[in-house]
Amino acid sequence: MNSIELENVSKVYRRYNRRRQFATLKSALLGGSLLRDLRPDETFPAVREMTFTVPKGRTLGVIGRNGSGKSTLLKLVAGITKPTVGSVRVEGRISALIELGAGFHPEISGRENVFINGIMLGLTKREITRRFDEIVEFAEMHDFIDAPVKTYSSGMYMRLGFAVAIHVDPDVLLVDEVLAVGDEGFTHKCLDKFAEFKRRGKTILLVTHSLGLVERFCDEALWMDAGRMKAMGDPKRVVGAYVTDVEVSEEHQLAAGDAKAQTSAAAVPPDEAAAGVLADHPVETAEAPDDMFRATEGRWGSREIEITAVRLLGPDDAAGHVFHSGEPLTISIALRARVEMDDFVIGIGIFNAEGVCCYGTNTNIEEMASVRMIGDAEAAFTIERLDLVEGTYKLDVAVHKLDGYPYDYHRLLHTFRVKSRTKDVGIYRPKHEWRFTGNVGFTAGARKL
Amino acid sequence: MLANLARLVRYRGLVQSLVARELKARYRGSVLGFFWSFINPLLLLLVYTFVFKYVLPNKNPAAEPYSLFLFCGILPWTWFSSALMESSGVLISGGNLIKKVLFPAEILPIVTVLANMVHFLLGLPILIAFLALAPGHHWPPMTEVAWFPVVVLVQLVMTTGFAFLLSALTVHFRDIRDILSNILTVWFFATPVIYPWFDAPEGTRRFLSFNPMTHVVVSYQEILFFEGPFGHLPLLLLLGAISIVFFLCAYFVFDRLRDTFAEEV
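Protein chains in written order, with the numbering used here: chain W, 1 to 449; chain D, 1001 to 1265.
Keep in mind that the hints were calculated from the coordinates and are not lab data. Be careful, since some hints might not be right.
Stretch by stretch, here's where chain W covers chain D in the computed footprint (C-beta under 8 angstroms, at least three residues) [unchecked claim]: (1) 1010-1018; (2) 1101-1114; (3) 1250-1264.
With a straight-line cut-off of 25 angstroms between C-alpha atoms, the simulated BS3-like cross-links for lysine-lysine are [said to hold, decoys possible]: (4) K125/W with K1059/D; (5) K1024/D with K150/W; (6) K260/W with K419/W; (7) K236/W with K56/W; (8) K1059/D with K150/W; (9) K1024/D with K82/W; (10) K423/W with K394/W.
Every residue gets a Cβ at the ideal spot worked out from N, C-alpha and C, and that includes glycine.
Based on the provided sequences and hints, a complete structural model is requested.
Have a look at this one:
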């Protein structure tokens, strides 16, 4: 038996437009339809042609980027908004954890609010009285239940709201990204409660950005993109496809960002930049800034040797901006010397998002004395294993004289992102392994929180 | 629409507790607490009595004792005007409920009207005390007092109708709230609260009779204050019938606009 059925459901919102206010009102009044009189460019489809079913007792995780229509989908299932087209059918009592404690009145006590909120969510007074202690227990609120809600911390507020909503004993539970409400311990309890719901054969629809949770906890995953269903099925497979897609678009973003930084560094006339008129702008000057280590992104140098291109190459020599921890990375620097040069040093520096230098080296440090360069040349700097933790990194690439006189200095103009399945912290991940002896045992896979 | 109306019956428990919450929350934190429900009308009465006894004395002996006459009109008027004023903003301030909880929106204006009705009812003991204490004033006959609940009911139906209409339209036109306070001032003077109905000139009276609140207030006054039969009864019953039709129309508008609330508030 299906507990949630959506058939060809679309939800179209009106774009905000004061002048057309009256049109909406009129068409709502006369036609019973909100959008009839609006042109297509005045509307915005938040959910488009969604058709899916969730069998009873299954847990469906909904993933997707911000603005992909996940929350609208949840509201449609909850019945809070009506679909513009199509039909939504839900079997049994629904409890929607969309905004916790949405109905709380700040002036009255937690106790009274529990009752009113419970009634709002469809319980009777008697049912609430019976579950009251359990609710308070769950929210860990014994000491404050009789204080007015306005005195609660936001965590307390959310916990109480969560506790009431979860004790409604729904057949269908809709959860919208609310697990971030408490400390570790509380999140724990929430997940336990969800697991209990699952065991009791309830249907759960979970909207979340926590992909790990979807993989561990859901029977099925639904990936939404721009209001459409992009994929639905086995959580591991759908999450994997989603992660890949996010990487691809990050790649585009980083490429666009780099291009922008480089063109705007090239666009600023040297004298203006030197005068510091556009200090927050990537600058291009002939002179190096006074304090090299405080310099923000920019480009400077005499260009006797010019860096014509910098490319980052992944494992298959594919140029890109997103790499995986532990895989090889090659920084390929294309150079051009207008006349024959014999005094030059090529260097690179890797910085993390906080501006900490993760690694820096140059040809001179590594005891390579320059002999000559003329015309086009290329320098490739290969890192065999990119052992950095996940994050965004920026590159300095430079070619200069031995005494530091810059030919071409690219300061933080190139960005790349390192991805990793392991969420370790710090900067550097040494190649490592764990070994255990004695009475201690582990199995594969992370423990559920 | 009728199905939605019937559904409301299931939500009576919620309405009940929301009204209770409204009343509790209003005086939470004040020293006198619930007594304000009595003190407020009393103070209002004092102010009006002062003005119309010493500043602008009432010249009509039929409306004596004047403060008692005033009280019969002010109590229901306060219910009506505060209910309208509050309901005009109720969907906007309750936006969180409409957007985040599965919740029939019409409950919010209904709760506003009912909470104000409770205030009205709490003012009645004071009115009764005044009726009993006023020197030389007759005690209204039971046959007339029996009609009192009917007047309350007519006012309730009519006020709820207005509340539906105002709350739904204010979501789309926030200007209504500002216009409303001015309209209510005019409306107050167009209702025979501070002057007796029969004192108004003939032409004006005809005009005033288009004001539904006129008939409600006159009915209260005839039942509680003036001696003689309850002559306004037929007009009241007519108003009752019109109110029911008006209520249904207002609910129809509300129901049609229902789906826009979650998007507009």
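Each hint tested on the structure:
{"no.": "1", "hint": "1010-1018", "result": "holds (count 4)"}
{"no.": "2", "hint": "1101-1114", "result": "holds (count 3)"}
{"no.": "3", "hint": "1250-1264", "result": "holds (count 7)"}
{"no.": "4", "hint": "K125/W with K1059/D", "result": "violated (55 angstroms)"}
{"no.": "5", "hint": "K1024/D with K150/W", "result": "holds (15 angstroms)"}
{"no.": "6", "hint": "K260/W with K419/W", "result": "holds (23 angstroms)"}
{"no.": "7", "hint": "K236/W with K56/W", "result": "holds (21 angstroms)"}
{"no.": "8", "hint": "K1059/D with K150/W", "result": "violated (52 angstroms)"}
{"no.": "9", "hint": "K1024/D with K82/W", "result": "violated (34 angstroms)"}
{"no.": "10", "hint": "K423/W with K394/W", "result": "holds (20 angstroms)"}
The structure does not agree with the numbered hints 4, 8 and 9 stated previously, though it agrees with the rest.
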